[in-house]
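Counting from 1, position 155 in the sequence shown corresponds to residue 153 in this note's numbering; the numbering is continuous, with no gaps.
Some clues are possibly wrong.
Pairs of lysine-lysine, BS3-like flavour, derived with a Cα cap of 25 Å [to be verified]:
id: 1; residue 1: 75; residue 2: 111
id: 2; residue 1: 59; residue 2: 122
id: 3; residue 1: 59; residue 2: 75
id: 4; residue 1: 122; residue 2: 75
Simulated from the structure, these hints should not be mistaken for laboratory data.
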Amino acid sequence: MDVRSIWLHLRVPFSIYLMPIFWFAVSQSPTIEVWRVGAVLLIVHLFVYPAANAYNSYFDKDEGSVTGIEAPPPVDKNLFWVSLTLDALAILLGVFVNGPFVLFVLIYGTVMKAYSYDRIRIKKYPVLSWLVISLLQGGFTYCMMYVAINDLPLSVLLQPSVLFGGALATFNILALYPVTQVYQHEEDASRGDMTISRLMGVRGTLVCTLVFFLFSIAGFYLFFDGKWPFYLMLLLLLPAVVFFLRWFPRVLRDPGRADYRSAMRMTKLTGWGMNAFFLILLGLTHSSLIQ
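Sequences are here, hints too, so could you generate the full structure?
So this is what it looks like as structure tokens:
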């Protein structure tokens, strides 16, 4: 594989759409040390996520569109070694953040390997894989970042506010993760993977997204006590909501409209909206706490 092909399979630009959980954790932090925030941001989004993406690409060997890559290039063993190298670098750099962060990184990498590895392959179990990925990339990641950013012990995870934040992050992934599989049914079927989107069908996938998105919205209303941050979030998510409400009836009439570009557009609008919301919230509420 050449460098460009490896870069594509790392899917680093797609990490932007997983970044809202990071900014959510930062926005809820009691104090903010710039160096620590920057270190966690870089380690997770340049090493942890790309390592998992590369490992998944190596074992999937997709020929059709996958999340973040419309036309994936062929893979070889080099991608496998790149994945392990990035994992090792993430652990090494994580030592400078704190011990609990290293533990989180190890667990994240191990579960993601079990998700893709052909002898375990959690991915082929529809409900289990959906729950595992949603919890891992949602609540688990929120807790990982909160502990690392604030240099706190694991006991802080028992606080109701932290658990609530983790639950909301999980609901977001429960809503959006099936959308990233909705155009891959044939590819997944060829490998024998019964993903949650294949199990529910194209229409069922979008219904599921709608239901869990509504749960997420209701949860954020409670989290922010119905105050102004909630309404700011709704405003910034309006483009994603409008797109979904136009896309949904089209898919009901023609399941072929659930294609790669539409699914990625939905993901991008949601990701940019949530990124913008948490960054604005951070600026409005934490500017005096940045150290």
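**Prompt:** Are the Cα atoms of residue 59 and residue 122 separated by 25 Å or less?
**Reply:** With Cα atoms ~15 Å apart, residue 59 and residue 122 stay inside 25 Å; holds.
Margin query: What's the verdict on residue 59 and residue 75, does the C-alpha distance respect the 25 Å limit or exceed it?
Written below: Distance ~11 Å between residue 59 and residue 75 Cα, so the pair holds.
Does residue 111 lie within 25 Å of residue 75 when you go C-alpha to C-alpha?
Between residue 75 and residue 111 the Cα gap is close to 15 Å, so the pair holds against 25 Å.
Straight-line alpha-carbon gap residue 122 to residue 75, limit 25 Å: The given pair, whose Cα atoms are some 22 Å apart, holds under the 25 Å limit.
Hint check: no violations occur; every hint is consistent with the structure.
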